[in-house]
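Guided by the hints, dock chain Z with the ligands onto chain F, whose structure is given.
There are 2 protein chains.
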Amino acid sequence: MLVGAIEAGGTKFVCAVGNESGEVLDKVTFPTSDPKETLQHVYDFFSSYNISSLGVGSFGPVDLDTTSSTYGMILNTPKLRWKEFQLLEHLTKHFSIPVHLDTDVNAAALGEYMYGAGKDVSSCLYITVGTGIGAGFVNNGKTYKGKSHPEMGHILVQKHVDDDFQGVCPSHGACLEGLASGPAIEKRYGQKGHLLSNRIDVWEIEASYLAQAIMNYSLILSPQRVIIGGGVMKQERLYQLIRKAFTNLMNNYIDVGDIEQFIASPKLKDEQGVKGAIALAIEKGR
Amino acid sequence: MLVGAIEAGGTKFVCAVGNESGEVLDKVTFPTSDPKETLQHVYDFFSSYNISSLGVGSFGPVDLDTTSSTYGMILNTPKLRWKEFQLLEHLTKHFSIPVHLDTDVNAAALGEYMYGAGKDVSSCLYITVGTGIGAGFVNNGKTYKGKSHPEMGHILVQKHVDDDFQGVCPSHGACLEGLASGPAIEKRYGQKGHLLSNRIDVWEIEASYLAQAIMNYSLILSPQRVIIGGGVMKQERLYQLIRKAFTNLMNNYIDVGDIEQFIASPKLKDEQGVKGAIALAIEKGR
Ligand SMILES: Nc1ncnc2c1ncn2[C@@H]1O[C@H](COP(=O)(O)OP(=O)(O)O)[C@@H](O)[C@H]1O
Ligand SMILES: Nc1ncnc2c1ncn2[C@@H]1O[C@H](COP(=O)(O)OP(=O)(O)O)[C@@H](O)[C@H]1O
Ligand SMILES: [Zn+2]
Ligand SMILES: [Zn+2]
Numbered sequence: 000m001l002v003g004a005i006e007a008g009g010t011k012f013v014c015a016v017g018n019e020s021g022e023v024l025d026k027v028t029f030p031t032s033d034p035k036e037t038l039q040h041v042y043d044f045f046s047s048y049n050i051s052s053l054g055v056g057s058f059g060p061v062d063l064d065t066t067s068s069t070y071g072m073i074l075n076t077p078k079l080r081w082k083e084f085q086l087l088e089h090l091t092k093h094f095s096i097p098v099h100l101d102t103d104v105n106a107a108a109l110g111e112y113m114y115g116a117g118k119d120v121s122s123c124l125y126i127t128v129g130t131g132i133g134a135g136f137v138n139n140g141k142t143y144k145g146k147s148h149p150e151m152g153h154i155l156v157q158k159h160v161d162d163d164f165q166g167v168c169p170s171h172g173a174c175l176e177g178l179a180s181g182p183a184i185e186k187r188y189g190q191k192g193h194l195l196s197n198r199i200d201v202w203e204i205e206a207s208y209l210a211q212a213i214m215n216y217s218l219i220l221s222p223q224r225v226i227i228g229g230g231v232m233k234q235e236r237l238y239q240l241i242r243k244a245f246t247n248l249m250n251n252y253i254d255v256g257d258i259e260q261f262i263a264s265p266k267l268k269d270e271q272g273v274k275g276a277i278a279l280a281i282e283k284g285r
Numbered sequence: 000m001l002v003g004a005i006e007a008g009g010t011k012f013v014c015a016v017g018n019e020s021g022e023v024l025d026k027v028t029f030p031t032s033d034p035k036e037t038l039q040h041v042y043d044f045f046s047s048y049n050i051s052s053l054g055v056g057s058f059g060p061v062d063l064d065t066t067s068s069t070y071g072m073i074l075n076t077p078k079l080r081w082k083e084f085q086l087l088e089h090l091t092k093h094f095s096i097p098v099h100l101d102t103d104v105n106a107a108a109l110g111e112y113m114y115g116a117g118k119d120v121s122s123c124l125y126i127t128v129g130t131g132i133g134a135g136f137v138n139n140g141k142t143y144k145g146k147s148h149p150e151m152g153h154i155l156v157q158k159h160v161d162d163d164f165q166g167v168c169p170s171h172g173a174c175l176e177g178l179a180s181g182p183a184i185e186k187r188y189g190q191k192g193h194l195l196s197n198r199i200d201v202w203e204i205e206a207s208y209l210a211q212a213i214m215n216y217s218l219i220l221s222p223q224r225v226i227i228g229g230g231v232m233k234q235e236r237l238y239q240l241i242r243k244a245f246t247n248l249m250n251n252y253i254d255v256g257d258i259e260q261f262i263a264s265p266k267l268k269d270e271q272g273v274k275g276a277i278a279l280a281i282e283k284g285r
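Chains as they are written, first to last, in numbering that gives the first Met the number 0: chain F, 0 to 285; chain Z, 0 to 285.
Same shape as in the complex, but just chain F:
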């Protein structure tokens, strides 16, 4: 059995053909342009394969409420050409096979859960810290959706005492994404993160925000593992700084087991999204 997978990102699309073991057999990446042109690339890629179902991890906000009249639609995105585009409907019409839609970060979480750093646990949270901050939660093999879908990157945390930066979130200013995303670091220090590797103060502050966020997520969702990825986490030292800050903040309030295991790095490099989309296709397509 072959299945199709789409990681539909705001800047690039990744399409892949996979098998029941979650292996990627063929893959293509292209920049996201307008919906028509982008979907034409998608259709071209899959045209030589006989796929039996399709999994899609999409940028958002995308309506995942199956009872909603706009289910499967990209809602109020700043990418104006995609605003109110009926992604699910277009794909379903073209392929005439089951199409299983989720958010990009839920798909990435599912990929790590099925085939990566969450393979040995029954629930995990996957956080991506890049241009934005997002998180997806998988519990007993299912991605968590809620009423619409969670937007965990925008939670509020305490300001660091040495940080008087006002934040970059257009909606909330100093929410987590406003304080700790890649663009927040760039704006606060006037330089991109990869040029700040030697500034330990930068990563102490960054770690304190991410540790607070992980504390809040853990107190609310109680996951068995937290996996953190995304561009900013290329600063490898962040993992230890976050573990240390988390341990201090949590003060043994809940037992998370071995902290090295609890706060982990991803195992699928840049393939968690597309592998998660394969998992969506397999699981639901059967």
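Treat the hints loosely; a few may be bogus.
Note that the list lumps identical chains together, so a pair holds whenever it fits in one copy or between two copies.
Stated by the list, open to error - With a cut-off of at most 30 Å between alpha-carbon atoms, the simulated DSS-like pairs for lysine-lysine come out as follows:
1) 233 to 266
2) 191 to 78
3) 144 to 92
4) 158 to 243
5) 243 to 35
6) 144 to 118
7) 144 to 266
8) 35 to 118
9) 26 to 243
10) 268 to 26
What the hints contain is simulated information worked out from the structure, not anything from laboratory work.
Here is chain Z with the ligands on its own, set in the frame of chain F:
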């Protein structure tokens, strides 16, 4: 069919006999003393009824991990006589009927969801703001547990600009419970909350913390409704202050619908816990 319900609190126990419609047919309340004496009261009350299953909402921390060797045990509580007491085992042995255990706040959440302010939605969060702060989440009829169980009252939020209080949480100082529980109000102002009704500044700060918490819970869990109860919420004006602060903070980032419906008061007065325990008994007992 008759079922039994126990709301096992740290200061008082409530036992009830209910029917399949969730109605309370008989009820008794007594102070919590040591485990032996307390359970004797429980056994005496139920001895004249032929109950087919039992639901229990317990104070904690209680181990709800069915795979754990201490499943059903009250863990590391400051109430020393209850520490490591095997509540579930004792009840199961005595009654020889199915016993369904959950946390006190999950039971309260389930009570409101089934019979109260959450009757018309498919998911709701119930928050209690009293001596401590806790929250329980019900999604599609099931209480949410996670790896151990959530401890949502201890999340971190931003300090209010006019608040230099250091908080009362023994573990975290200025976590939500440390800043916004009844004892936090009493310590900050040197007076119990019910004597501060006229101090609008008190309730503005209180509302700002609770609104932040509801923002975080909503971004993570995406519930359809949030119900707030507990002693501190007897300050009725808090509901409007919280709704206003939440609306400002969230800044339309996610659509929660009508805010009056989204942030609601409980409908079961002080019976949500015991009614939730009845629901636990019914649902799982069948
Ligand atoms: N080595 C690095 N150190 C710190 N920040 C980095 C590093 N590499 C990339 N970033 C930051 O990560 C962000 C991009 O994140 P990424 O996950 O790659 O993309 P996206 O979130 O857009 O999918 C940018 O803000 C960039 O400055
Ligand atoms: N009218 C009121 N206004 C403000 N705070 C109140 C009021 N009534 C009770 N409280 C506070 O609520 C807390 C008790 O909460 P409650 O939910 O009744 O009990 P518990 O949390 O112990 O089950 C106390 O700290 C008390 O000071
Ligand atoms: Zn934000
Ligand atoms: Zn605390």
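Point to revise | Within, between, both or neither: residue 191, residue 78 at alpha-carbon 30 Å | key: Classified as within: same-chain Cα gap 24 Å, cross-chain 52 Å, threshold 30 Å.
Review point. Under a CA distance limit of 30 Å, which applies to residue 144 and residue 266: within one copy, between copies, both, or neither?
Key: So residue 144 and residue 266 pass the 30 Å test inside a copy (24 Å) and across (27 Å) alike.
Point to revise | Intra- versus inter-subunit Cα pairing at 30 Å for residue 144 with residue 118 | key: Both. Shortest intra-copy (21 Å) and inter-copy (21 Å) distances satisfy the 30 Å Cα cut-off.
Review point. Quick one: residue 35 to residue 118, C-alpha cut-off 30 Å, is that within a copy, between copies, both, or neither?
Key: Answer is neither: 37 Å inside a copy and 44 Å across each miss the 30 Å cutoff.
Exercise for review: Since the copies are identical, ignore which copy is meant and state whether residue 158 and residue 243 lie within 30 Å (CA to CA) inside a copy, between copies, both or neither.
Suggested key: This pair counts as both: shortest intra-copy Cα distance 18 Å, inter-copy 22 Å.
Practice item. Pop the pair residue 26 and residue 243 into one bin, within, between, both or neither, using alpha-carbon distances up to 30 Å. Key: neither (39 Å within a copy, 49 Å between copies)
Review point. When no copy is named, should residue 144 and residue 92 be tagged within, between, both, or neither for a Cα gap of at most 30 Å?
Key: within (24 Å within a copy, 39 Å between copies)
**Study point:** residue 233 and residue 266: within-copy, between-copy, both or neither at 30 Å Cα
**Key:** within (13 Å within a copy, 50 Å between copies)
Check your understanding: Can you tell me if residue 243 and residue 35 fall within 30 Å by alpha carbon in one copy, between copies, both or neither?
Key -> Answer is neither; intra-copy 48 Å and inter-copy 42 Å both fail.
Check your understanding: Within a copy, between copies, both or neither: where do residue 268 and residue 26 come within 30 Å Cα-Cα?
Key -> The answer is within: 15 Å in one copy meets 30 Å, while 58 Å across copies does not.
Of the hints listed earlier, those the structure fails to meet are numbers 5, 8 and 9, in rising order.
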